[in-house]
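Numbering (our numbering), first residue to last: 1 to 182.
Hints are computed from structural coordinates only; laboratory data are not their basis. Some hints here could point you the wrong way.
[To be verified] DSSO-like, lysine-lysine: derived pairs with alpha carbons at most 27 Å apart:
| hint | residue 1 | residue 2 |
| --- | --- | --- |
| 1 | 111 | 133 |
| 2 | 4 | 141 |
| 3 | 90 | 129 |
Predicted model only: the values in this text are computed from it and were never measured.
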Amino acid sequence: MAIKSTIFKMSLNIADMDRGYYADHALTIARHPSETSGRMMVRVLAFALYASERLEFGKGISNDDEPALWEHDLTGRILRWIEVGLPDEKLLRRACGRSDEVVLLTYGGGKTVEAWWNPNAAALAKQDKLTVKCVSSPTSKALALMADRSLDLQCTIQDGEVWISDELERLLIEITQLHPAL
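Take these sequences, add in the hints, and give me the full structure.
In structure tokens:
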């Protein structure tokens, strides 16, 4: 018998002063048995960073044809494809062909991301629709510790700084951009 996904219920309040986006989202997230708490929370972070009324979670880890998150317009065209982790470079190229914008949030930082980025950088640099960002290792670990089956989160974005807090902790999110180079 297969292990079923674990369901997480989250209330996410977003105050993105940089984009002028303010909203409350009630999220139901299915965490695949092979998914870590860190990866799931980076998916929540990605939702907070790119939130809109049409952004939704994909099947992600269990399906290569769907990203971690995506946003469609009313005709079904994919406006934004968001991946999390260290996916195959071919998947990102295919996503760039299918959508208007592709965002990758890597996490774990340091040598792990470098070991993935260095052999893929030249091929991915050709993708003008692609943005690659790295969530630092301490940040992804701290996010993983916040994971709970029922969670009330606040995300504040101002002047490029991202803060996520729950009832116990307030965390500054450290993100660096790998591509395109700033």
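In rising order, the numbers of the hints this structure does not comply with: none
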